[in-house]
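Undergrad: Heads up: the protein sequence lines correspond to chains U and S, in order. Under the numbering used here, the first residue of the first sequence is numbered 1, with each subsequent residue one higher. Under the numbering used here, the first residue of the second sequence is numbered 1001, with each subsequent residue one higher.
Mixed in with the good hints, there may be bad ones.
To be verified - Stretch by stretch, here's where chain S covers chain U in the computed footprint (C-beta under 8 Å, at least three residues):
#, stretch
1, 30–44
2, 102–112
Unchecked claim - Here are a few chain S residues that sit away from chain U, every Cβ distance over 10 Å (derived from the structure):
#, residue
3, V1019
4, G1053
5, L1091
To be verified - Derived lysine to any residue pairs resembling SDA-like cross-links, with alpha carbons at most 25 Å apart:
#, chain 1, residue 1, chain 2, residue 2
6, S, K1017, S, F1105
7, U, K101, S, V1074
8, U, K69, U, G43
9, S, K1011, U, N41
10, U, K101, S, I1026
11, U, K49, S, Q1041
12, U, K58, S, S1058
13, U, K109, S, Y1018
14, U, K101, S, D1056
15, U, K101, S, K1017
16, S, K1078, U, Q10
17, S, K1078, S, S1038
18, U, K109, S, T1113
19, U, K101, S, A1054
The hints are simulated quantities; they were obtained by calculation from the structure and are not laboratory data. Quantities reported herein were computed from a predicted structural model and do not represent experimental measurements. We put the CB at the ideal spot given by N, CA and C, even for glycine.
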Amino acid sequence: AQSVTQLDSQVPVFEEAPVELRCNYSSSVSVYLFWYVQYPNQGLQLLLKYLSGSTLVKGINGFEAEFNKSQTSFHLRKPSVHISDTAEYFCAVRGSGGYQKVTFGTGTKLQVIP
Amino acid sequence: GAGVSQTPSNKVTEKGKYVELRCDPISGHTALYWYRQSLGQGPEFLIYFQGTGAADDSGLPNDRFFAVRPEGSVSTLKIQRTERGDSAVYLCAGAVAGGPGNEQFFGPGTRLTVL
């Protein structure tokens, strides 16, 4: 079984400032990690995923995340945010062996302030 | 259509009633997932279909919840004797297959309100 913790329920940040959204996971097996974004009244959209290989993963819209196995973290970063990045962001984890269900965190609302 | 569609977008019902929520995934997506998202929470897994069969229904909260996918495309989530605690957004997602990293494509959800 896996679990995900997103420590910040809301993150306000000024436009063009950098942002980091934190995600920690717990698992007894190797994992795959994901970040999804949910804009108001829309479905979740995949931002990026870590399956294996390089621990620095680049996604859409200028976002990137770094897998840190020793700290069991997968924090999401963007060097300069835009108003359009205002949305809710979900971190998710699943075990890497065979079929495994995906477990989502509780989400972080990013509010970009003009 | 180009994306995953879910109908209705909103459903208001009374306690004790029966509801059906429909998901129409992208053509060719053999894997289909249902999730429930309560206010302030992330999506919670309910059931996973591979083709027509439910490969994992361990997330269904109780026997009032049931889902079908008779032809391997459209899926219907059925809730009997609805309770106020069933109020949530029900999300559907499809994927090319149930493989490990295959991206799940989500629909916009159905917001269910049980009065």
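Undergrad: Measure nothing beyond the straight line between the CA atoms of S/K1017 and S/F1105; if it is 25 Å or shorter, mark the hint as holding.
TA: Measuring from Cα to Cα gives roughly 30 Å; hence the hint is violated.
Undergrad: So S/L1091 supposedly isn't at the interface. Is its beta-carbon more than 10 Å from every beta-carbon in chain U?
TA: The claim is violated: S/L1091 sits with its nearest Cβ about 7 Å from chain U, within 10 Å.
Undergrad: Tell me whether the statement that chain S covers the stretch 30–44 of chain U is true, taking a Cβ distance below 8 Å and needing three residues at minimum.
TA: holds (count 6)
Undergrad: What's the verdict on U/K69 and U/G43, does the C-alpha distance respect the 25 Å limit or exceed it?
TA: violated (29 Å)
Undergrad: Per the stated criterion, does the least C-beta distance between S/V1019 and chain U lie above 10 Å, as a non-interface residue requires?
TA: holds (20 Å)
Undergrad: Can the restraint linking U/K101 and S/A1054 be considered satisfied, given a maximum Cα separation of 25 Å?
TA: holds (13 Å)
Undergrad: Checking one constraint from the list: CA of U/K49 to CA of S/Q1041, max 25 Å. Satisfied?
TA: Satisfied, since the Cα-Cα distance of roughly 21 Å is no more than 25 Å.
Undergrad: Compare the distance between the alpha carbons of S/K1078 and U/Q10 with 25 Å, and conclude whether the hinted pair is satisfied.
TA: violated (34 Å)
Undergrad: Is the Cα-Cα distance between U/K101 and S/D1056 25 Å or less?
TA: holds (9 Å)
Undergrad: Should the label of S/G1053 as a non-interface residue stand, given a Cβ cut-off of 10 Å to chain U?
TA: About 13 Å separates S/G1053 from the closest Cβ of chain U, which puts it past 10 Å; holds.
Undergrad: For the pair we were handed, U/K101 and S/I1026, check the Cα-Cα distance against 25 Å.
TA: holds (20 Å)
Undergrad: So if I understand the rule, the pair passes when the alpha-carbon distance is 25 Å or less; does U/K109 with S/T1113 pass?
TA: With Cα atoms ~23 Å apart, U/K109 and S/T1113 stay inside 25 Å; holds.
Going through the hint list in order, the structure does not satisfy hints 5, 6, 8, 12, 13, 15, 16.
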